Every structure is written in C-alpha cells, then in structure tokens.
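Here is what each chain is made of, one letter per residue.
Protein chains: 2
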Amino acid sequence: MLPTWYTNYKKFIDNSIKLFLDEYLNPAIIPAKAGIYKKKDYDKLIDPQIKSEDDNIYSEWQIICFSKPLNDFKEIIYYATNSWKRVRAILALEVYLNLTNQKLEDIKQDNDIVKVCVALEFIHAYSLLHDDLPCMDNDEYRRGQLTVWKKYGETNAVLCGDLLNTLSFEILSTIKDNEKSKKIINLISRATSIYGMIWWQIEDIYFEHNINELDLSLIESLHNKKTWKLIEASVLAWMILAKDYGIPASVWIYKKDYDNLIDPRIKYEDDKIGISQEWQMYLNLSSFWQNIWLAFQVKDDILDVEWTFEETGKSVWWEKKWFVHFIWLEKSKDYLEKLSIEALKNISDLKSEKLDFLVEYIKNRNS
Amino acid sequence: MLPTWYTNYKKFIDNSIKLFLDEYLNPAIIPAKAGIYKKKDYDKLIDPQIKSEDDNIYSEWQIICFSKPLNDFKEIIYYATNSWKRVRAILALEVYLNLTNQKLEDIKQDNDIVKVCVALEFIHAYSLLHDDLPCMDNDEYRRGQLTVWKKYGETNAVLCGDLLNTLSFEILSTIKDNEKSKKIINLISRATSIYGMIWWQIEDIYFEHNINELDLSLIESLHNKKTWKLIEASVLAWMILAKDYGIPASVWIYKKDYDNLIDPRIKYEDDKIGISQEWQMYLNLSSFWQNIWLAFQVKDDILDVEWTFEETGKSVWWEKKWFVHFIWLEKSKDYLEKLSIEALKNISDLKSEKLDFLVEYIKNRNS
Chain A
1 MLPTWYTNYK KFIDNSIKLF LDEYLNPAII PAKAGIYKKK DYDKLIDPQI
51 KSEDDNIYSE WQIICFSKPL NDFKEIIYYA TNSWKRVRAI LALEVYLNLT
101 NQKLEDIKQD NDIVKVCVAL EFIHAYSLLH DDLPCMDNDE YRRGQLTVWK
151 KYGETNAVLC GDLLNTLSFE ILSTIKDNEK SKKIINLISR ATSIYGMIWW
201 QIEDIYFEHN INELDLSLIE SLHNKKTWKL IEASVLAWMI LAKDYGIPAS
251 VWIYKKDYDN LIDPRIKYED DKIGISQEWQ MYLNLSSFWQ NIWLAFQVKD
301 DILDVEWTFE ETGKSVWWEK KWFVHFIWLE KSKDYLEKLS IEALKNISDL
351 KSEKLDFLVE YIKNRNS
Chain B
1 MLPTWYTNYK KFIDNSIKLF LDEYLNPAII PAKAGIYKKK DYDKLIDPQI
51 KSEDDNIYSE WQIICFSKPL NDFKEIIYYA TNSWKRVRAI LALEVYLNLT
101 NQKLEDIKQD NDIVKVCVAL EFIHAYSLLH DDLPCMDNDE YRRGQLTVWK
151 KYGETNAVLC GDLLNTLSFE ILSTIKDNEK SKKIINLISR ATSIYGMIWW
201 QIEDIYFEHN INELDLSLIE SLHNKKTWKL IEASVLAWMI LAKDYGIPAS
251 VWIYKKDYDN LIDPRIKYED DKIGISQEWQ MYLNLSSFWQ NIWLAFQVKD
301 DILDVEWTFE ETGKSVWWEK KWFVHFIWLE KSKDYLEKLS IEALKNISDL
351 KSEKLDFLVE YIKNRNS
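Chains as they are written, first to last, in our numbering: chain A, 1 to 367; chain B, 1 to 367.
One chain only, chain A, in its complex shape (with noise of 0.2 Å):
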C-alpha cells in the first residue's frame, strides 16, 4: 500500500505531463496573419472531425494544429510517455523540495522544475522508445502494455522517440533564467550523448554479442552509464534551480578536479572553491541516486526472474538479465540489501522519512 503523498506525486507528475502536451499539441495562439491559405487547398490535411468557425481560410498555424496526420500522432505521444513508474521524477521532486524547504502544494505548473521533470520524463520516454525496437533489444511488451513499435509501427516509434529527444531541449530552452536554462541543457545533452546513455547503449551491443567478455564490475559500469549519467546531471540541475534558496551552483562549476562532470569545452577561471558544505551535499546525492538506482536495476532484473509476465507486465530476455545472469538470485538480493544501506546512509544528513520510504519501496516492490 503506497502513502497518500507518493500518490500525489505521481498524480503531481502525470498531470504536469498531460498538461503539458494539451497545451502544446493544442494551442491556444493561432497567429492571425502569418501563412493564410485558402481551405480548398488544405482540405484533405485538416481532420474532417474538426469544424473551423472560419471555412474560407487556415493560417498555417491551424492546418498544422489540426492536420489529420498530426490528431492521430498525438495519440502516439500521448501513449508513449504515459503510464510510467514516474520514481526517478518523484525522486527528484522530494530532494528539491527538501533543499528548498517546500511541500507540492507550493509547486506552480510554471516553476521551472516542472519543465525539468518533464523533460526528463521524456528523455527517459525516448530512450525506451528505441531501446524497444526490433533493430535493438526487440522487446513487444513493456509493463504489460504492447510497446509503441508493436502498436503502431516501427517508423511511428522511431519518428515519436525522436520528437521527444528534440522536445525535451525545447521545454529546457523555456527555463526563465538564461543562464540556467544554459547550463541545464548542457549538462543533461551531455548525460544523454556519447559520454552517458549512447556510450552505454553502444557497450550494451557490443556485450549482447560478446558475453563472455563481461563480469560484475563491468555490468555495475555499465548500469552506471546508462542511467546514471542522466541522474547525476538531473542532481546538478536541481541544485542550479535550487540556487535561489541559498545553494551556491558554483560548488560545481568552479571545480577543476571533478571536471569530467563539467564540459572540458568550458573554460572556467576560478578553481578555488573547495569541498565546500553544499559540494559534499552534492556528492552525497549523486551517490544515493547511483545506489538506488543501480538497487531499482538489480531488482527490475530479480523481478523478472521470479515473476512471469503476467505478473510483471514484461516479457523476459533472459540473456539480458545480467546482475541474475552472473551472481544469481541469492547473490543478487544480498547486493539490493547492500545497495539499499548505502543509499540511506548517503540521504541521513537530508532527515526525509519520503526519500527513507522510497529506499525501502524500490526495494520491496513486487512490480
């Protein structure tokens, strides 16, 4: 049984997303002079189920917004960022909101952690979407659910996971404060590109055909890259949003000697700052997410060894299950217990019985 307020959450995160692609998908502003089209001409791209109060003419705008084609890829989107566990958005919501001292209720739908959390969410949509295509991991269900390729096509699930990377640097590149918006975008582009989720991706091909060559540490690395990366860069990101409420964003930039986390493009003069307070705070914080993560990984791969799927909602590769595959079923639940300890320890300083409880859930859920 989940808490009222891991429910509200989720709700909180479901409803920013649909609010969201309401908004964009059917906009309110139709410019009234640009792009002005006789209807004849457009008839057969605009939805028959959609009558104009005006039948003589259609901005560009309105042909777009509501072009047949475009109404039945909506379905598309909508289906493929919905239904999520939504823990890496909660997760993140409850650490800004423990920096910054504030409960949901105080949350706006125009605060920019709501644009990072969607975006997020749509990265990890993305990654999924193709991650799930039969040039890749071939996978028909996900969560009891066909996958997006299987319902719609091949060329629907690749177009639909490109949109979503795209859209994802839209909404970032909306964040109020330039400056922030800035490096927000650089920091999760550079989670999700060669250094982070595509490096992984990569290795994750190249192990499927050479399996042999794989052992722990290297498996733990991977999971790393895959997931953490973007984790690691979502911590900085709520720190640079949380700026506001007293946390310097410049404990991570100034930083020479953790410069793999900050683009070796970026020259920064100032390498005085130290391990400051906040600095540690962050390396606590990017530790408990590579533990509970990595914890969420094992027990995903647990799962789908105990449980058929039926009860789990996917379909098991069992080649892929490789934390099961190397230290089997006893082994591995002795690494989620080890992994779970540490991630509490590295949250202890933040005092949050929902962070506490969150721990807890990744470990014991059954789906």
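Errors might be hidden in some of the hints.
Identical chains share a label here; the pair holds if one copy fits it or two copies do between them.
As the list claims (entries may be wrong) - List of simulated lysine to aspartate or glutamate pairs, EDC-like, C-alpha gap at most 16 Å:
(1) 68 - 208
(2) 354 - 94
(3) 11 - 94
(4) 176 - 23
(5) 68 - 213
(6) 68 - 204
(7) 150 - 204
(8) 176 - 334
Treat the hints as calculated values from the structure; they're not laboratory data. This one's a predicted model, so the numbers in the text were calculated from it and none came from an experiment.
Please build the complex by placing chain B on the supplied structure of chain A, with the hints as guidance.
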C-alpha cells in the same frame, strides 16, 4: 568548375566538423582523480590497439574514450557526417559574413557561428540517417555511398542519429552568450520538433499511403516543413549571432504579428517595434531561403528522373519524386527557373556575387 572561394568555404566547414569530432572523441583533458579503476577490471573494454603509459590504473574517462566499442563507433560518426555538399552551411556562412562585413579568414574555430554550422550539419545528418532506415524510406544508397544502416546496420544507424540529434544541442549549449545560446536552442529545437521537421515526416508517411490526396500546393507546404523551418531558424540564428555587429536581435522577438515564429509559451511585453529595415532584411532572407531551398529540392527531383544511379549516386524511388510526378519534367524546370529568379530578387540588397553564384549553381548543378 566551382570557384576557389566555394571550395574554400566547403573546406572550412568540412575541417570544422573534423576538428570538432577529433577533439570531442579524443579529448585531451583527462581528469586525474575521478573514477579511478584497476586496469584489470576494465581490460576487456580497452581497445587492445591502444597502449597506456600507466598499466595499473585507468580513469573512467580513459575507459570511455579508449573503449573498443566506442572506437568502432567513432568510424560510424565520421562516416555519417562526411561528404555532404554543405550547401546549407556555405549559404549560411556567406549570409553571416555578408551581414557582418567579415571575410572567411576572419572566422576562428571558436567563433559561435562555427558551432551553429556544425550543429546544423549534425541535425541534417541525423535526419538523413533515420530517414534512410528500412522502416522509413528504405534507401540503400546516398550520393553513391552505402547509407549508414546498410553499411553499419540498423542499430548503429538509429543510435548514431540519436547521438547527432542530442550532440547538436550539446554544441549549441556552448555558445558563449547565455541569452543567445538559449534563444538559438529554442529556435532550432522547435524547427526540428513537431511543428517543423517531425511534422513533415509525419505528413510524408501519411501521403506515402494516400498519394492520391496530394496536389502541388500540398507538396510545396510539405517541402517547406521538412527543411525550411530549420533554415528559417538558421536565418534567425545568424541574426542573433550578428547582433553585436549592429543588427538588433529584438526585431524578431517582439513582433506579435509573427508569433508563429516565436514560442507561444514565452510571453513578451513589448509589441511596439514595426517593420524596421532589419525586419525587412529578415523577411527577405527568409523568402530567399524558402525559394532557394525549394529550388534545391525541385532540382534534386529533376536530377533523379533525368539521370541514372551511376551519375547521381542515389537510388531513384519514382513514387517519391513528387514534383516531377505532379507537374512533370518541363513544368518542373519552369518552376525551378521561377524560384531562382525570386531568390535572386530576395538578396538583391546584399549585393553579394557569391550568393548570386550559389543560386545559379543550385539551378544548374549536375549532381
């Protein structure tokens, strides 16, 4: 026979892309402390071709940069971003140089205009990679060379496209000025997401299965969506970058009449600015790009029909040659002539022999 300046421009773009990738994929800066591992734990990931000076420890950064799977993947990235005509980047560069009264020799590698050029070429390459996939256009050849999926497999083509999409935003996030960086990312992401490039792809797929619904004005609209939105964003990007040279970026951002160009989610208070000289210049340049790009597409279709594979290096899919399909060869040539004349008119104020040459070149090229 192409003039020397053209060859120099192309060399400059090619070289910029090569320099960027060389540095990006083989970074000189390797953090000393972060993520140190025993070499033996990661031996299998390191490319055996590469000898390390210190056989005992490897940083995480080294492991990524020298990993065998990544080394193999580098070849794909170079292949996917190589050998294009670069016409779009050359045009863009010349417009920027003309507006700012500079010469090619004045442009250094760390100039923001170079970043925008590289990012746009990467987006172009990403769109081609995914467009050529079996589940999309199923093209096996492009300019006489095997397409990426045909040469390196579908998985790698999907991944490399994803990488280039993300990477373009990573590059744009290193533009020095925060405001310019954010604005350009906003423009280019919107031009490539659902109200731009992706929308075109959606319509494209729709009309492949409903070709009888097509007519000439629709084809024009479709061609516009595919690349013109991106090119329009590019024009605005050049103007933003050229701001320091006396062209106010504000002309494009406060004009409510043109708010299909700006993000409706960003609210602006000022609507006082009229059609200034700069705005007129933007309008002219936009029309120029639209005309020149449509001319480029029409010429492509004519070439595909007139020439055989050996001469153009492309496989011909007759059904897709919409212009020629609909208005036939002679009409296509008239249309091309009309577009070229319009394009020349649009740029008459700039008095650039180079731009005039490019218009003629696009019209008369044989490949």
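Against the structure, the hints come out as follows:
no.: 1; hint: 68 - 208; verdict: between (41 Å within a copy, 14 Å between copies)
no.: 2; hint: 354 - 94; verdict: within (8 Å within a copy, 57 Å between copies)
no.: 3; hint: 11 - 94; verdict: within (14 Å within a copy, 51 Å between copies)
no.: 4; hint: 176 - 23; verdict: neither (18 Å within a copy, 32 Å between copies)
no.: 5; hint: 68 - 213; verdict: between (50 Å within a copy, 12 Å between copies)
no.: 6; hint: 68 - 204; verdict: between (38 Å within a copy, 12 Å between copies)
no.: 7; hint: 150 - 204; verdict: neither (22 Å within a copy, 21 Å between copies)
no.: 8; hint: 176 - 334; verdict: neither (45 Å within a copy, 48 Å between copies)
Figure legend: structure checked against the earlier numbered hints; hints not met, in rising order: 4, 7, 8.
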